[in-house]
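Given the coordinates of chain X, assemble chain G onto it according to the supplied hints.
Going line by line, the protein sequences match chains X and G.
Position in the first sequence (from 1) plus 582 gives the number in the numbering used here.
Position in the second sequence (from 1) plus 1344 gives the number in the numbering used here.
Hints listed in this document are in silico derivations from the structure and should not be mistaken for laboratory results.
Fair warning: there could be bad hints in the mix.
Claimed, not checked - 16 Å max Cα-Cα, derived EDC-like pairs, lysine to aspartate or glutamate:
hint	chain 1	residue 1	chain 2	residue 2
1	X	800	X	780
2	X	698	G	1501
3	X	800	X	790
4	X	807	X	780
5	X	698	G	1638
6	X	645	X	856
7	X	800	X	785
8	X	645	G	1633
9	X	645	X	659
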Amino acid sequence: MSLSAVRDEPAPTAAERVSDAARLTVPYLLVVPGLLFVLGVLGYAVAGGFWLSLHETDMFMAKTFVGLQNYIDVFNDPRFQSSLWRTIVFVIMSIVLGIMMSMIFALTLYHVGFGKRFFRGMSLVPYFVSGIAAAIMFRFVFTTSGGFVNQVLSVLGLHQPSWLGDPVLAFIVAVLANCWFMVPFATLILLGGLQTVDRDIYDAATIDGAGAVQTFFKITIPMIKPMLGVSLIWVSYISFSTFDIILALTAGGPQRATEVVSMYMYQLAFLQLDFGQGAVLMVVLLTFNTVLSLVYIYYFILADRRHGREL
Amino acid sequence: MATLTSPSGAARREVSAIGRPPSLLDHLLRRFGRAILIGIPLAFLVIWTMVPIIWALLASLKDPLEIYESTTFLPRDPSLRAYWAVLGMDGFPRWMFNSILVTVVATIVPLILSILAAYAFAKYLFPFRHVLLLMYLIPRIIPRVSLIVPLNDLMTDLGLINTYWVLYLTYIASAVPLATWILVGFFKAVPKEIEESATIDGANMWNRLRYVILPIAWPGVVTAAVLCIREGWNEFAFVLALVTETGMRTLPYALYMMRDAMGVQDFAIYNAFTILTVLPLLLVYLLLERRVVESIVSGAVK
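Same shape as in the complex, but just chain X (with noise of 0.2 Å):
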């Protein structure tokens, strides 16, 4: 998802000298059928969405225009308030528990000496489970009686907490299915870049008398900047996102204790019937995401390519 391409000359071909005429319209006429889907349906989807959030709804689906008053309502209601800080917590607990996990399995498959390509793709599984599925299969592990890990808790003589009833506890299940999710994908980005450093940097290193961790923090992790960003991108763009996998998982409860931003989106839009104030919480995910994925884009990605090293 780096912008790196925008960036590179296209590399011109000897089509180019064919005919001016087609050099001109040929790589026009190519583009453009993608771009009506695009542009067409998200295109229209982000501006009607902004639209939206200027009018209100009546029961008839009527609208009529009404400035920032959605926004006024929204920001001053404190179910909204408490599921944005409910996503910021979420968000960063996933990106700092997901990054952990996905650098940790990364250095684990790097180094693993035997099956090396069965552990990979093993560990891309869950990128293939749909959100509802990996939903459903962590209430049965975490499922009061009959769950996996009370079963374990059981044999160990343990307590065993009611996970999905627990607002703490069930907010913490809802983070470790998000990670679940999207760790593999990100665990997978890290590799390529552990897998791209040179190896007599870190004999250097050793010579030198570098540690392992002093190595890890001083070279491992400057070296895969770029890739850094790119799974921080995707880890974040997921817990915004996120919905399929608390809809199915809590449902936002106990006591709205995982009602997430985009779950309340869904309740005012789809069960209140109030689209002009589901609108705003869209128009505040979107400018959160964007945000967030541009700054990860810029420290990452195109700060370093300033100073010449290419990704």
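Quick look at chain G alone, frame taken from chain X:
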């Protein structure tokens, strides 16, 4: 052991080379330490990744009452009863058909559109190409769930709610940026000399694309196809927002609705349903696993 497989391995070798010669005991200890250092996270990786899937699989083979008992891990008397029950469900064949149909359309159409667009972006210099490419890329950072409110409004106005068209349109639109982005990278990697010699031999654009670019960039096409299949098969937010009729559901939506639909909780059936929705995509992945993993690790998919 003393191969340069790891920074830590190299470190230990260096230290021992400076100090006394390594004894057999040192060697074994180092080997053992390394095995633990890799073995523990590896075991955690395997357990973490596989437990949810295997637990669902085991539960689907159990007797419904046995699932509630916290005494057994393995099914006492494994049976496929739950799977037959799911396959015999009223809506199941229709949901499976819907999922397959929508996924096939939402893979083939975006692939064709993206191959054309990616060819233009990779091989032509034309005014506004940066702006146009940005328009293709920016949708990749827009959370899909955030679009469901305006899309529902638009599709209601167009009268497309509860049609296949609404799923085709939205799924194609979200797959095109993904596939284009992957393919631009693979197409750019095709050396322009090969293409030029084809041009000299009289090949026009279509023939160059078909006989030169696509065969060389085939791993990219396969990767893009698998990721389009994944998007289409697992998509949930759009189908939830744009479809209300039972007969128009896809498998993830039908799986979600199982939660409310079953009065008596038969968790074996629930788990069997989950496994059956996940299995077809996992089979596609297993068939093409090597290409997909290679593409992601090499940084071609972002």
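Taking the numbered hints from earlier one at a time, note which ones the structure violates and give those numbers from smallest to largest.
When the structure is compared with the hints, numbers 2, 8, 9 turn out to be violated.
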